[in-house]
Amino acid sequence: MLLVSRDEELDSLLAGRRIAAHLGELERTGTEGGPGGDGPPPDVALVCDDDAATRRLLALGVPVVRLSSGHRGTVTPLAEGAEGALHRVHRPAWLPGPWPATPDGTRTTGVLAPARMTRGRRRSGTLLLLSLWGVPAGDADAFTSGALRQLAAEAVRRTQRCEVVCDMRVESVRDTLEGLDGVRVRRAADTDVDALHADAELLLATPVLGAVALAQARRAPLVFLPPLSDTQRDLADRVARAAPVPLAADPGNPSLWDPEKPDPWSALDGITDDLRGAQRVARTLRQLSLAPL
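So for the sequence shown, the numbering used here puts the first residue at 3; every next one is plus one.
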């Protein structure tokens, strides 16, 4: 089985990893194979967001589950030329619409939760998840050089340490935060984000579905970083209509740093979403590996 995801997009990375955790005995390959490739094509592939890889694999006759991992607002999250794939869209059942029309056969996954649903007993520090995928360069620079440094410094003051995990512009973020004691910057592609969160006291995150799913599944507090793109703003607005997730507009606001604040996810208790989206996608992949389309 082949897993393809974007290293530069936090949602894509997290979705692929959470599904892979439920693949059990399926052997993983790192190449597409085929003519000019290293070895035969895989028996099945999960492609998170990469349209070009989806088309290449379909041309090789590989059964593909093509997942749109992140929030796309009102944009149809499907690739042209990928009609032969099974299309899945990461979308919590509780997230308010409206939604764009999608081709017949497209299914939403529900929440793609982490494999481990519990948090550590001894938690400390702040995990700050920063996704700059799709953010204009000027907006990214303005945020990292201004509000980000203030938030990281306040996180250290309130919780003693701050782990910053970002998907893009890692060296720029590291340079911006240089000199702040208690702050560590990591690249998302090289970091087990779900494990870090299990041991963190607080989570500050860009408005992305991977972070929302992480906090909801573990009934953990979540504070949104200021949205930096239209898509991030759209998701933050939709989440706010369903659950009281605060926005880190003022780093000095003490309510942002209270780990005992009321559970924001209790507002969703009456809405059906079993948090088993990753298992369902993994089951589809296992079935395809045994009986391809």
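Read the hints as simulated data drawn from the structure, not as lab findings.
Keep in mind that the hints are not guaranteed to be accurate.
Unchecked claim - With beta-carbon atoms standing in for the labels, derived distance ranges: (1) 193 with 54: 19 to 27 Å; (2) 265 with 95: 14 to 22 Å; (3) 124 with 192: 36 to 44 Å; (4) 263 with 183: 22 to 30 Å.
C-beta: ideal position from N, C-alpha, C; glycine also.
Verification of the supplied hints:
no., hint, verdict
1, 193 with 54: 19 to 27 Å, "holds, 26 Å"
2, 265 with 95: 14 to 22 Å, "holds, 18 Å"
3, 124 with 192: 36 to 44 Å, "violated, 25 Å"
4, 263 with 183: 22 to 30 Å, "holds, 26 Å"
The structure fails to meet hint 3 from the earlier list, while all remaining hints are met.
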